[in-house]
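Protein chains in written order, with the working numbering: chain G, 1 to 291; chain Z, 1 to 384.
Okay, derived cross-link-like pairs now, BS3-like style, lysine-lysine, Cα gap no bigger than 25 Å in a straight line:
id, chain 1, residue 1, chain 2, residue 2
1, Z, K4, G, K271
2, Z, K4, G, K269
3, Z, K231, G, K64
4, G, K144, G, K246
5, Z, K209, Z, K231
Reference listing, derived: stretches of chain Z covered by chain G, where coverage requires no fewer than 3 residues with Cβ under 8 Å from a Cβ of chain G:
id, segment
6, 58-64
7, 69-75
8, 94-103
9, 227-235
FRET-style restraints, in silico, Cβ to Cβ:
id, chain 1, residue 1, chain 2, residue 2, range
10, G, E242, Z, P207, 45 to 55 Å
11, G, R4, Z, K269, 44 to 54 Å
12, G, P258, Z, Q257, 44 to 54 Å
13, Z, E250, G, P149, 33 to 43 Å
14, Z, K265, G, P258, 49 to 59 Å
15, Z, T9, G, G270, 23 to 33 Å
16, Z, P140, G, G132, 23 to 33 Å
17, Z, P117, G, Y150, 35 to 45 Å
18, Z, D214, G, G132, 34 to 44 Å
19, Z, H138, G, T147, 19 to 29 Å
20, Z, P117, G, G132, 32 to 42 Å
21, G, P149, Z, R264, 40 to 50 Å
22, Z, D216, G, I230, 53 to 63 Å
Source of the hints: derived by calculation from the structure; they are not laboratory data. We put the beta carbon where it would ideally sit given N, CA and C, even for glycine.
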Amino acid sequence: MIERHPMDQLLREDRIPHIWCSGCGLGTSLTAFMSALQDTGISLDNVSVVSGIGCTGRVAGYVKLDSFHTTHGRPIPFAVGLHLANPSLKVVVFSGDGDLIAIGGNHFIHSARRNLDMTIICVNNFNYGMTGGQGGPTTPIGAKTSTTPYGNFEFPFNIPHLAAASGATYVARWTALDARRLRKSIHEALMKRGFSVVEIISPCPTLFGRFNRQGTGLDILNSYREQTVIQHGADPAKVGIEPGGKIIVGKFVDIERPTFLDVVNQGLKGKFGPPVEKPRAEELAIPSVDE
Amino acid sequence: MESKGAVLTGEHFISGNEACAEGALAAGCRFFAGYPITPSTEVAEHMAERLPEVGGTFIQMEDELASMNAILGAAWAGAKTMSATSGPGFSLMMENLGLGIMTETPCVLVNIQRGGPSTGLPTLVGQGDMMQARWGSHGPYEIIALSPSSPQEIFDLTIKAFNLSEQFRIPVLIMSDEVVGHMTEKVIIPPADDIKLTPRRTPKVSPEKYLPYDPDEDLVPAMALAGQGYKMHVTGLTHDRKGYPVITEEAQIELVQRLIDKIRKNRDKIIEYHEDQCEGADVIVCSYGISARTSLLPIQLAREEGLKVGLFKPIVVWPFPEERIGQLAAGVKAFVVPEINYGQISLEVERCAHGKAEVIQVPHAGGGIHDPAKVLEAIRRAAK
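One chain only, chain G, in its complex shape (with noise of 0.2 Å):
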């Protein structure tokens, strides 16, 4: 008999169950991203996990590390405090579409344009799924949902061309049905230095896949299947989710560029004696790829 489950070194138990919906894409992306972490042998005291509202938001309240649920749309410049405060931590954000794309888009933006040391996690349902389903940021074209009853008017981000467009050093996207692939890509965002972003498609079948008639958690699955292409260095530009088209998934960008603080610590070398009280980048705990 099983005793321990697997992740229970990661998970706070006495929080379980948790509140997500049957058939939702959650569940995977949190075993991806705690199976990633493990793999990655950083010390889980070295990390923070920060998230935002919603969904997704939840994240943080389940994970044994040290965790932070903020306010909505903000948990990239609180995650901004932690790393240029203690940057031997690990600092990974964990939070949906609406939450990092739509009010805290600013933060995205910016966050990734100084290319800050940081790991996003956003999960793209197409919807406000905390709320009731309203429309997002994220929403298709056409996509019906509680705010766009006649079908959606706006045009959707495509997130990796935002994400590449403003200065981020790692971008991928995988759906939940991709569990292997996204961890060992949520792997490679931990390892990467400077600003990383993995977007998870993820099915929403009690609000966005019903007002859309996309069926239980497990047919929006097998669509995926189906609509899905793998395209690794695909221009992310040219990876936009068009209603009805095919979802391009894969490691888009993995680009070299100095980080906020390797410019920081590049422009005060030598002006100012010895570093006083904080580590600087090259006593990082944490490996990296290109090292």
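With the hints as your guide, set chain Z onto chain G.
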């Protein structure tokens, strides 16, 4: 370039905004996140120059929403943190001031007040954010806010603000104004050893036994920091002693009552005011910040006319010194309250006077300081 220390002991001729930044550095602030806004920008500029000299970090964020969050995050990573802003930025910061209150995050937020509403008067003085400081974020809470009247006071009060924020685990507001921020005067910075600093209250138990929101006797819990193995959960949702979200009336009452009580029941340790000739006075001018200073001349002129006039200056504006105002009300005919708004602290004086003394407002829309003649006229009227 020769590195300067964090505490620039000696006499300086500097502006209020620079004195604020130096006070922060002397208090151990090593992280500043901000966004440029007149008339507070010099605080950020001075921190941008000085923080790297002392091993600290300055970052200019994309807006004030981000700035407020960044200082909260940095506090959880162990830093003493500050941001500075003015009216429009202060409005944006209200959202996450609430997060700081709810998660009990020590930090200092400076408001160099300007004329409002809206964009108002970017370069000119106002004191219209005093009630916003008290009530501006949603939900019931208590806050601590200080009001300096000079560059020396803003230096001293910035240190005090950091100490109070650590002692009570709460964001502390410095409600200064454009005139004090831009005024240049002598500021004496004492030797580092003479500056008393309150250390962060960190847990004395192992991670297994640690309850993040289990308060000590003074109702303030110890704060673990990220990266120390405590694996704590911190949320803006109503939470229990474990820090876990609990969406019930009982959890709300337990948590919010404590957040209120940790300030109300410790008010004696927080409240500070300055009194001049209030005992035996017929009229007391109650004023704060730059308006307390501009009241000095009319008070002097009134005394020369033989009127018995006192000055009561709250240094800590929130929590308000209600017991003392109540005591003084019993012995005076009236309070005169000059402030650069249309009645904010005067309402508080009225509440605390319990009808025992009249309260005469001396309002000012902003853009300038009070005409001494108007305050003098109000004192004369009050003395009748």
